[in-house]
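S.K.: Protein sequences appear in the order of chains A and B. Under this note's numbering, think of the first position of the first sequence as 1, with each following residue one higher. Under this note's numbering, think of the first position of the second sequence as 1, with each following residue one higher.
Wrong hints could be hidden among the right ones.
Said to hold, decoys possible - Some, not all, of what chain B presents toward chain A, calculated at C-beta under 10 Å:
id, residue
1, 7
2, 17
3, 31
4, 277
It is worth saying that the hints were derived from the structure and are not from the lab. Where is the CB? At the ideal position from N, CA and C, for every residue including glycine.
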Amino acid sequence: MATDKTNLQLVVNGILNENPIFRLVLSMCPAVGISTTVMNGFMLGIAVFFVQVCSSCTIALFKNVIHPRIRIPTYTLTIATWVTVIDMILAAYLPEAYARMGIFIKLIVAFAIITMRLEMFASKESVTASFWDGIGMGLGFMFGMMALGFVRELLGMGTILGYDVLGFKPLLFFVLPLAGFFCVGLMMAFFNYIEIVYKRARRA
Amino acid sequence: MKNILTIIFRLTVACLLAGLVMGIAFIATNKAKKHNMHVHEHKVMLSLLGYSAKNPAPESVAMHPVYRYLVGEGEELATGYLLPLRDGAFSFVTIDLAGAFVAQTPVALAVEKAREAEDRSQAISAAIGVEKTLRYADQTILVTNGGKRTAYLLPGKFPGFKTFIAAMLALDQNFTILGVEIMEHEEDPGLGGEIVQNYFKKQFKGKPLETVKKLEVVKTPLPEEYRQALEADKSGLKAEEVARIEEQYKDGDIYALTGATISSRSVTNGVKAMVKKFAYRLAILDRVLVEQHIATPF
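Input sequences plus hints: build the corresponding full structure.
M.R.: What follows is the structure in structure tokens.
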């Protein structure tokens, strides 16, 4: 049951049609908790990207020897392995980023998006397709996190990537975790609106 | 039954594979990680001594690590110190529990290798004889400026609320606390985790030995002006004002963190014990060094 999409379509699919945050609404806890700045979103996005690609490839490679009864434990084991590897690499080569992100990196094990992608896609498709799907999902997650981080950092602290762009703090509320939900909701509505407009324009 | 067996077999293989991948990653990254920790530790030490990127330590400042061991021979127990000598070699000096000098043995050890715990204890064992048991106790760093002792750095561990808290203490030559830095801890975030905040850890700064010896934790709220002085980087208080307020509180007790009395008390008692024991041990070590004419660079 191979997918009929091309590699490029798989990547775009992850970023737009099935964006993990705005469309699939998965892994909301980290999205809300960490996306306070663009940089945080980017760092976690990178980590999730690697874990997703590595896990997708691993599962796609071994899909025929994974017993169907224990597939979820196997997925968790795979994800946990790659998370540990990423964790060690970050701790060794990016100690400053690790000091801030360390605790969240370990949480990636429990991210719904990765398990869901392994179950829905990688366990049925070829390694190549899973690789591109992983890239799409990882980029989609990174894009979502950075978009959220952009809005929240700009409105909450008046800065972008730590540089002061507004010179004042419009709404401190947006830095708080609670505002993450508002932000996700508003941006979801925005993306849905764009899609409706786009479809209407195409029909006409 | 057959199903169960295949499941067990496949899960085992999967776990072994996962372990292999993680093991490879660990070996590949361990060296860089250790190096990072060392760099971080060095940075913390310098900042505790009041040096920073803007105000770098002068060339004349040198750090001399002294490692303390417990040496057992049968029922007898003694303290052993691995001391750097003036000519770059190492010497292992054992002192019995009453404080009397027992023996001095030269240890063949390269300076870079002294940092690695395993290489170090192997070299000492080879020097004093393998039949004696050797247990690593702690490390002290004696800081000299132009050959004169200026400060002591004490890395140490003490029990916290749930598990151990690793801290680094800096003392001046009169055992007055120069600063406390929490290196590692697992206290509850927002409660005990606040021990890393300036308004708690800076309370120790400037306390002389006599005060530290009877240091207690009080549960009255932290006075507002003291908080502002402790968080001078946030409140923007002037340096002379900060010095005046710190002088006023320097003989006082430690104000407990709200909702984290146990963590506050653990850190206070830990610091107290470290300073007291260090002052006691150093007096003995210094006496032995003078009596035996051991030429150390400090």
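S.K.: Classify the hint on residue 17 (chain B) as holds or violated, based on whether any CB of chain A lies nearer than 10 Å to its CB.
M.R.: holds, 8 Å
S.K.: Does the closest beta carbon of chain A sit nearer than 10 Å to the beta carbon of residue 7 (chain B)?
M.R.: holds, 5 Å
S.K.: Residue 277 (chain B) was flagged as interface toward chain A. Is the shortest Cβ-Cβ separation under 10 Å?
M.R.: Violated, because the Cβ-Cβ distance from residue 277 (chain B) to chain A comes to roughly 31 Å (cut-off 10 Å).
S.K.: Checking hints one by one. Is residue 31 (chain B) an interface residue toward chain A, by the C-beta closer than 10 Å rule?
M.R.: Interface hint status for residue 31 (chain B): holds (8 Å vs cutoff 10 Å).
In the structure shown, a violation is registered for the earlier hint numbered 4 alone.
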